[in-house]
Amino acid sequence: MSGIDVDLAVNGLITGVFYALMAIGLSLIFGILKIVNFAHGEFYMVGAYAYTLIALALGVPVWIALPLAFVVGALLGWLTERTLMRPLYAGYTSWGLMRDEYAVIVTFGLSLFLINFVDKVIGPYAYRGPPLVETSRVVLGPVLISGHRLLAAGIAIAVIAVTAALIKWSFWGQQIRAVSQNRLGASLAGIDTAKASVIVFMLSGGLAAFAGALLSPVINASPDVGIFPAIKSYIIVVLGGMGSVPGAIIASLFLGVIESFGAVYISFQYRDAFGLILLMLFLLFRPQGLFGEKGREV
Amino acid sequence: MAPSSATSPAGNRSGVQLSNTKTTVEFRAALVAMAIVALIPLGVSNPYWLGVLIVSMYFAILAGAWNLLAGYTGQFSLAPATFAMIGAYTTGLLNHYFGVPPLLGIVAAVVVSGLVGLLLGRAVLRLVGPYLALTTLSFAEIMRLVASNSIDITRGDLGLGVAGLLDSRIGWYYLFLGALVVLLILFYMLLRSKAGLFLQAIRDDEVAARRAGVNVVFWKTTAFAISAAASGFAGALYAHFAELVTPELGLIGQTGLIVSMTVIGGMGTLAGPVVAAFLVYVLSEWLRDVGGYQLVVFAALVVIFARFFREGLWGLARAAVQRWGRA
Numbered sequence: 508m509s510g511i512d513v514d515l516a517v518n519g520l521i522t523g524v525f526y527a528l529m530a531i532g533l534s535l536i537f538g539i540l541k542i543v544n545f546a547h548g549e550f551y552m553v554g555a556y557a558y559t560l561i562a563l564a565l566g567v568p569v570w571i572a573l574p575l576a577f578v579v580g581a582l583l584g585w586l587t588e589r590t591l592m593r594p595l596y597a598g599y600t601s602w603g604l605m606r607d608e609y610a611v612i613v614t615f616g617l618s619l620f621l622i623n624f625v626d627k628v629i630g631p632y633a634y635r636g637p638p639l640v641e642t643s644r645v646v647l648g649p650v651l652i653s654g655h656r657l658l659a660a661g662i663a664i665a666v667i668a669v670t671a672a673l674i675k676w677s678f679w680g681q682q683i684r685a686v687s688q689n690r691l692g693a694s695l696a697g698i699d700t701a702k703a704s705v706i707v708f709m710l711s712g713g714l715a716a717f718a719g720a721l722l723s724p725v726i727n728a729s730p731d732v733g734i735f736p737a738i739k740s741y742i743i744v745v746l747g748g749m750g751s752v753p754g755a756i757i758a759s760l761f762l763g764v765i766e767s768f769g770a771v772y773i774s775f776q777y778r779d780a781f782g783l784i785l786l787m788l789f790l791l792f793r794p795q796g797l798f799g800e801k802g803r804e805v
Numbered sequence: 003m004a005p006s007s008a009t010s011p012a013g014n015r016s017g018v019q020l021s022n023t024k025t026t027v028e029f030r031a032a033l034v035a036m037a038i039v040a041l042i043p044l045g046v047s048n049p050y051w052l053g054v055l056i057v058s059m060y061f062a063i064l065a066g067a068w069n070l071l072a073g074y075t076g077q078f079s080l081a082p083a084t085f086a087m088i089g090a091y092t093t094g095l096l097n098h099y100f101g102v103p104p105l106l107g108i109v110a111a112v113v114v115s116g117l118v119g120l121l122l123g124r125a126v127l128r129l130v131g132p133y134l135a136l137t138t139l140s141f142a143e144i145m146r147l148v149a150s151n152s153i154d155i156t157r158g159d160l161g162l163g164v165a166g167l168l169d170s171r172i173g174w175y176y177l178f179l180g181a182l183v184v185l186l187i188l189f190y191m192l193l194r195s196k197a198g199l200f201l202q203a204i205r206d207d208e209v210a211a212r213r214a215g216v217n218v219v220f221w222k223t224t225a226f227a228i229s230a231a232a233s234g235f236a237g238a239l240y241a242h243f244a245e246l247v248t249p250e251l252g253l254i255g256q257t258g259l260i261v262s263m264t265v266i267g268g269m270g271t272l273a274g275p276v277v278a279a280f281l282v283y284v285l286s287e288w289l290r291d292v293g294g295y296q297l298v299v300f301a302a303l304v305v306i307f308a309r310f311f312r313e314g315l316w317g318l319a320r321a322a323v324q325r326w327g328r329a
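Chains as they are written, first to last, in this note's numbering: chain A, 508 to 805; chain B, 3 to 329.
These are computed hints drawn from the structure, not numbers from a lab. Please read these numbers as outputs of a predicted model, since none were measured by experiment. All clues stand as given, with none of them false.
Pulled from the structure, derived: some chain A residues nowhere near chain B, Cβ distances all over 12 Å:
(1) S509
(2) L582
(3) V646
(4) L657
(5) G661
(6) F678
Quick list of the computed label-pair ranges, beta carbon to beta carbon:
(7) A:V567 / B:A40: 52 to 62 Å
(8) B:V299 / A:V567: 26 to 36 Å
(9) B:V113 / A:L791: 20 to 30 Å
(10) A:Y772 / B:G158: 22 to 32 Å
(11) A:V567 / B:G166: 48 to 58 Å
(12) A:V645 / B:R128: 42 to 52 Å
(13) A:W570 / B:L318: 47 to 57 Å
(14) B:L168 / A:D731: 31 to 41 Å
(15) B:G158 / A:L791: 26 to 36 Å
Partial chain B-side listing against chain A, Cβ under 7 Å, derived:
(16) S140
(17) I144
(18) G258
(19) V298
Using N, Cα and C, we set each Cβ at its ideal position, and we do this for glycine too.
With the sequences and hints as input, model every part of the structure.
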């Protein structure tokens with residue numbers, strides 16, 4: 508492995524860490540409600556704007572703006588759950604058996620709404636968020652990396668670790684996993700499924716917004732900035748198995764590295780197409796993903 | 003047709019009649035709306051607004067085609083705009099490189115997009131809900147990336163110039179209107195036949211439909227192919243109207259517009275999506291002048307309609323008529 512390969516691998520892994528922040532939330536939502544949130548990328552976009560505007564327009568220090576972005580994303584997640592998702596399991600839509608279709612339409616509509624709302628209220632221009640540290644280049648052996656990216660990746664790893672631990676060991680985490688495994692069984696055991704679903708949406712929105720905030724100095728927030736990260740997260744949850752958190756983390760790192768090498772060694776123009784082709788092939792031939800449980804029946 | 007239930011005691015037969023009556027009422031309403039659209043050029047000669055109405059008709063065809071697939075068969079593809087793009091590129095490339103005349107190119111576009119739809123429909127047969135939406139979404143993005151990155155062939159985002167077909171805007175207006183009316187008639191005939199019942203049976207309960215003897219594989223694939231062919235037809239017509247084909251035809255935002263029109267008009271109703279396409283597009287041109295809030299308004303309407311009024315404007319109008327009739 509030459510120097511450039513090490514550099515590509517490390518940078519790919521770091522990209523993968525940011526993908527994981529997005530994908531965990533999406534996977535949790537799929538686990539608990541068996542739907543795909545097509546507005547997930549917009550949580551990311553809102554997080555990037557929240558961080559940038561709070562830090563730049565209000566002059567709040569970046570270390571306070573960062574958790575605030577998480578809070579904004581969590582609030583948006585809460586609002587989405589209460590107004591649009593609750594009918595899915597509380598049984599008061601007019602859609603009857605077509606709950607999947609309702610979820611597709613309503614989250615797709617929410618995504619369009621948030622993109623265009625931000626476009627009109629804040630404007631279509633890209634905003635660059637303030638970096639956490641000003642160090643422009645850190646050299647670690649053959650690896651070249653910006654100071655902000657390194658620090659952001661460190662924070663992201665910490666947040667992912669805390670999230671994974673909470674889901675695995677905390678009381679609420681166990682309840683969430685119980686609802687994912689068997690909603691009816693969980694509710695018979697006295698678990699408040701509505702509350703579990705609210706927590707998942709708040710966590711999911713918060714994590715996606717946090718990812719947007721961490722990357723805002725790099726991505727330049729614009730209204731449609733969430734579309735590609737969202738598509739990446741769809742690829743990841745399908746690869747990792749819908750609903751599986753460890754699967755999502757492993758698939759994120761995998762996709763980050765694949766894209767990093769593919770862009771250099773295969774084709775830069777089509778780097779976004781590789782993942783999509785992988786997504787289609789997996790959905791068609793192995794919908795349970797690499798790590799998911801085989802259980803889906805039509 | 004035999005008059006109402008007083009003379010027909012059979013439960014299942016009255017179910018068939020109900021469905022047909024509902025479709026017939028919707029079809030008549032759609033024809034009345036199209037007749038009004040046909041009269042508009044008598045009062046409006048401004049080429050800008052005629053152009054807006056022509057684009058509305060393009061979207062009306064796409065919304066009608068997507069409604070057949072999503073509203074009547076329950077297959078939520080997120081690639082309707084992509085089939086329009088495929089149709090547009092089929093005739094565009096044939097015309098640009100081989101000098102194929104537009105009319106022949108449009109026929110080729112219908113065939114090619116129908117075939118691609120058949121293949122995709124066959125491939126996604128077992129996928130439901132979120133899986134189907136994700137697969138078709140990635141298909142849409144891959145196709146768009148291919149169209150915009152194959153710069154040597156398609157000239158990428160710059161767009162491909164193609165020959166025009168008619169000189170007068172009024173001519174285009176009635177060509178699009180004619181195409182829309184013909185498609186409406188075809189959809190009506192399809193839905194009134196047994197096939198229409200099969201499609202709706204599959205939507206309501208695929209397993210039960212199969213148990214009752216419906217060839218689910220055949221009808222799901224056929225609905226996909228018909229919807230794709232109609233979308234490709236609209237795309238090909240549009241290509242010669244605009245005299246330019248770009249990957250923008252296949253943007254997710256275009257699919258968003260088609261979905262908005264269908265949901266606002268009323269999914270699974272023949273007239274709703276087609277009429278809503280005019281309302282949404284004309285209103286959006288007007289809102290563009292007022293302050294550009296059109297997409298915010300429509301996206302909000304999609305969420306609100308999906309959440310509270312599943313049957314859309316058509317359902318609201320029908321409820322209003324019923325209430326008025328009772329009073």
